[in-house]
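Visitor: Hey, can you work out the whole structure from these sequences and the hints?
One letter stands for each residue in the lines below.
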Amino acid sequence: MNKTNKKGLFANMSVQNKHSLLRMAVAIAIGLALATVLIFMTAELPGVALKYFFTAPLQDWSYFSFWIQKAVPIIFTGTAVCIMFSANQFNLGLEGAFLLGGFFGGALVNIYVAPGNPALGIPLGCLVGGVVGALITFIPAILERLFNASVMVTSLMMNYICLWLSTFLLFSVFKDPKTSKSTYSWASANKEIMVTKFNLDNGKLTIFYSLIIALIVVVIAWFFLYRSKTGFKLRQVGENKNFAKYVGLSVGSLAIIAQLIGGFIAGLGGACEIMSLYTNYRWVELTGFGWDGVTMAVFAKNNPRNVPLAALFIAYLRAGAYVMSIKCGIQVDMTKIVEAVIILFLLAEKFLSKTYRKMIIAEAEKERAERAAAAAKLEG
Amino acid sequence: MKILLALLEVFKNPAFYGSVLAVTPPLLFAALGCSVAQKADMTNMGMEGIMLISSFCGTLAAGYIGGPNPWLGLLVGVIVGALLGYLVAFFNLKMKVDIILVGIAMNLLGGGATAFFLPLVTPNHDRTSTNSIQSGILPLIKLPFLEKFPTLNAILNNQNVLTWISYIMIFVMAFLLYKTKLGLRIRAVGENSNAAESVGISSSKVKTIALVLSGILGGLGGTFMSAAYLSYFSNGITAGRGFIGLAACSMGEANPIPTALTSILFGFFYALSNYARTTGISDNIMKMWPYIATLIGVVIYSINKTNKEKKRRAQLSEK
Amino acid sequence: MENYLVMQDITRVYDNGCIANDKVNFSAKKGEIHAICGENGAGKTTLMKMLFGIEQPDEGKIIIKGQEVKLTSPTKAIEAGIGMVHQHFMLVPSLTVAENVILGIEPTKGMKFDMDKAVAMTEEVCKKYGFDIDPRARVEDITVGLKQKVEIVKALVKGCDILILDEPTAVLTPQETAELFVQLKLLRESGKTIIFISHKLHEVKELCDQVTVIRKGHTVANFSTEGVTEADISRAMIGVDIELQVAKTPAQPKENVMVVKDLVVNNYVGKKVVKNVSFSLRAGEIVGLAGVEGNGQREMIDAMTGLGVYAGGSITMLGEEVKTKNIKGLRKLGLVHVPEDRMTLGIARKMSIKENMVADKMDNPRYAGKIFMNKKTIQEDTDSFIKEYRVLCKNGEQPIFGLSGGNIQKVVVAREFTSYNRLVVVDQPTRGIDVGAAEFIRERLVQMRDEGKAVFLISADLGELMNLSDSLMVMHGGEISAYFPDITNLTEDELGFYMLGVKKMSDEEIRGALHE
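Protein chains in written order, with the numbering used here: chain A, 1 to 380; chain B, 381 to 699; chain C, 700 to 1215.
By construction, these hints were calculated from the structure, which means they are not laboratory data. Since the model is a prediction, treat every value here as computed from it, not as a measurement. Quick reminder that beta carbons are idealized off the backbone N, C-alpha and C, glycines included. Some hints here could point you the wrong way.
Claimed, not checked - If we take Cβ atoms under 8 Å as the criterion, some of the chain A residues that face chain C in the derived model are:
(1) Ser228
(2) Gln236
(3) Phe243
Guide: What follows is the structure in structure tokens.
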């Protein structure tokens, strides 16, 4: 019974896909096993800690909300990286795009352009955030196009320029003198539009509307990459630049388009994050969500469709670790170790390569047997 | 105008130059480390993570075993750096993971592992820095004869021994890359690994050695943070210095001397941002400058390179 | 004299089942220059790779100085006294000549690499064999001719007695070639054995003592160059094996679709490789292009299809200058191109068959609107393409890299032939694919011609060329060396003479290729 089910699910899958699925399962298993070992090594009551780590987000509505909240920003940046990596563009400027998108779009628009007017402030904030983000990734992109300057290095520098620029603007221009390090606050009405809270079972379920925006972005990004002609062209550039040139595409412009879109999504994510979590701006260091985007893209194999799942997985680990850290005093940073290990094993081409060969051989033999059977039938 | 005058005041102050020299070493170690790897065509994106972990391990060794003995910390930091360099090489060369993504994973691991283990291994379960366990400071080099020259005295005297090592390291690396057999092989493998393989040189072996060297330099840089810049480890102590090293290396075309000069330029802006308060310029603006300078530098460098290439082509076709 | 090097019954089978060498025998004496001749893909390079330890034979023995050797790596081969100058230079551009020369056997002095010693070693060899190279010059700053000398010195410094040169003159100017020959003769006098791979027969005649001819992985002849003519070698090299028969009626050429006039193309190092070539391609005609690889065809086709640039002359397609158009513009005019290198240029490996088939069609309103692709039409059309072009696959969603070479080629052909076309450029359309697929593609080409398209067929398969072409050009040394408006009485020997530069037509006859 079980066997037939399995066969039904995997029957149409190629050996390559089966193997990559197996590798992913093993990599995740290794990561989780490592987490378990780390908890056993460090917790006073490992059983309790493990329970929090693995089940907390499902136990309580506030933890559940926390889980979802952790997933939202990395859905944005993950989708952004998917689009850029699909076109094989290693622009790492999403940290900066996310930050400045939040600062200009999320904060400044709501404070100065549309104060007390969430109906204008929120959509305009999203738009401005996206445009600012696109601008940030555009700079390294155009520098590479014009001068052949390494996009990886210049985009890394952009991140820090964005950080210090926003910090400078925050402290020297836009700081609320009554606070130590944040801007004036905008109307809490805005936040009520972005999030809604319900009291349920002694916990608070928080609905994040930024999640809905993020999911819309995922859907659009997927449609863009896999259904629109520009997305198709983009993937051709990423797959084989020479081929793209040969079929008549303008490779340089498409590379820039990919980076503009990536920056736009990250900036939009920053704006949404600021508007749904705070009522004033207070980021004084890089958020790390840009780097998380790379992790997401690796997990999602550059397909936006897989990003929400990947983000929920990582956010689940993080939320679990967070609860565990409060209850048992184990540092949340454990998840980063797990993430790093999963990335390495997920990408290691040589990992399980012997199993792969075995699978290929088995497949070939099965085909041969089938053919022989078919031939025998024909003769008979 | 007032700001300019204040800046002038800073530039006139010899202690400022002393502080430039004192803040540059971790950038320098990171940049030299990236450059030796880059010469073998391996972009060591994981420098930041390598520095963090070596700094952490160095501090623990210095504090626990040496009580505190910073020299022991230095030794352990360097060994850990070398091992991590090897790990990067292993995952790229043996397991075939993209070098950039190995680096990103290494940085994730660096930030995660140090923060995770910090409270577990410190006596008071410190959460942000090892307050309860100190690594000590490596000795300062006293040059009494300089006291007669107040300017030089302010710049050079009482610098940390590791600071001096970092500047000596520029020449060591230049020597290694350009004057030794290993350096020749590293450069050959980096530029045309087929050519190297065709004369019997194993390119993966040479690349591994280059990454281990890169890790050792990262270890020195990391230890500098916890045994010279500060006397303890704290979370994210390297604060992006590994990435700056990567940028300096890119701008200096991975050649030790230009790479070092770029690092010193960054150090200059770092020091300036520390002095910014006295001038009335926002220190945040000052902190932005090293990165803008790199951005511009990388562009100028790329333009030059393209032009040179064009010229060479033209010349060759004339012949 | 004893044979210095013997390669006995060497067999090498590649993973894809292709037999590159089938019991090849080769032997060379001390102090001789021995040529190995053969068409592209005959198995020369494979044989030499085995001699230099890059690949290992599946069967057979290699004997040097009477002793059997196992050459499992280049290092082993170098130790056995073998040196190789590869077609693509194995040099590190930013290093000096001396550093390149001693790479792998670096002299040291204490901790330091001993540059003076390296220079001295280089100078010693240069002096002994009469090379004039500055050991301290950077390799990136010297000419191609000098680079090749550096490669030879590099082998000599390691004490090689057998020197393999893989098509050494392909990249050289005539002056540089002459200089190289003087030096190679000097080396012969000092007792070196030189293996010279080439298809330039006049060079073989001029330089070599012996010549071994390989055809389709077999040794077919071994001559002393004294007693043979270029025509003899040519006959041994060129052979039409399979009698192909694709039925076709006589062509009815119409107007010019592409006109090439006085075309000059330089290669990436600035060497002139296409020299004032003129011809035209007419609707309703298959024009074949024969020639040994490396005689300017690659660069000419790149220029014609917009992939490369040209330095002089003009190429016009339907009256529009090709230079002023990008590839998209050319495709709009009706240019389609089946490239020689289908794996790196013709397909996106990880994309599906379907996606590969419509990759160039995104600006066609049938397949995509302003924003979205027209999924249903794409599905229906690719399904029918798969059926029509008989691509063997599970379905169109399958990634293309899982297909066999022949089926991949059918996908490329299907994509190109189903796009709007007036001129079809097909470069080695049937190389390395199964007989059935090849026959199918050939039939399609004739059908395209009958539909009034201009077809330009470049092929190393002479049987294919002679069977399909209505008229035929031969390219040699960057020029058209022959034009046959009618090929019914053309023999393969005759064709070989023009391909290998034994014969050349008069300018007047060649000018016939350009139809006014």
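Visitor: All hints are to be evaluated individually against the structure, with a verdict given for each.
Guide: Against the structure, the hints come out as follows:
1. Ser228: Because about 5 Å separates A:Ser228 from the closest Cβ in chain C, which is inside the 8 Å limit, the hint holds.
2. Gln236: holds, 6 Å
3. Phe243: holds, 5 Å
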